[in-house]
Amino acid sequence: MILHPKILLLSADDSTTRSINSCLGQEEFTVVHSSRGMGALELIHKEDPAMIILDIDLPDFNSLAIIRALRAEQLHHRLPVILIGSTLTEEDVLIGLEVGADLCLLESFHPQVFVARVRSLLRSSELAKTF
Numbered sequence: 001m002i003l004h005p006k007i008l009l010l011s012a013d014d015s016t017t018r019s020i021n022s023c024l025g026q027e028e029f030t031v032v033h034s035s036r037g038m039g040a041l042e043l044i045h046k047e048d049p050a051m052i053i054l055d056i057d058l059p060d061f062n063s064l065a066i067i068r069a070l071r072a073e074q075l076h077h078r079l080p081v082i083l084i085g086s087t088l089t090e091e092d093v094l095i096g097l098e099v100g101a102d103l104c105l106l107e108s109f110h111p112q113v114f115v116a117r118v119r120s121l122l123r124s125s126e127l128a129k130t131f
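If you count by the numbering used here, then the sequence shown holds residues 1 to 131, one letter each, in order.
Mixed in with the good hints there might be a few duds.
Unchecked claim - Pairwise CB distance ranges (calculated): (1) Q74 with D14: 17 to 27 Å; (2) E73 with V32: 14 to 24 Å; (3) E91 with E28: 21 to 31 Å.
What the hints assert, rightly or not - Computed cross-link-like contacts, EDC-like style, restricted to lysine to aspartate or glutamate with a CA-CA straight-line distance of at most 16 Å: (4) K6 with E126; (5) K6 with E27; (6) K46 with E27; (7) K6 with E73.
Rather than coming from a laboratory, the hints here were simulated on the basis of the structure. As the structure is a prediction and not an experimental result, all values here were calculated from the model. We treat Cβ as the ideally placed atom computed from N, Cα and C, and that holds for glycine.
Full structure from sequences and hints, please.
Put into structure tokens, the structure is as follows:
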């Protein structure tokens, strides 16, 4: 049985959710989705994803606070996080990277490039576990 990496998508935007589900699903990633930021840490502990894709515009919780909390944890401090959003500014990208996001992307992306970035971050994450 082949294990497909599990990606946790936290986004309330239907268009973003459909787009990411489509491009990752075609590549046989398992995508678990939540439209809420509240309870995100509990969901991360429950699902134990290989990566998180986090929308900066969650309506009920600060996305940057989720990243900060992850980076403070011993268990998930190296979990790759991609911060996405249609409203990302240069300042958002700078802050996102400073609090611990591995990559910040505007929601408009080329599906194959997006999948390649996901795979690259997952490889880097696996390498980091060996040290």
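Of the numbered hints stated earlier in the document, which are not met by this structure?
1, 3, 6, 7
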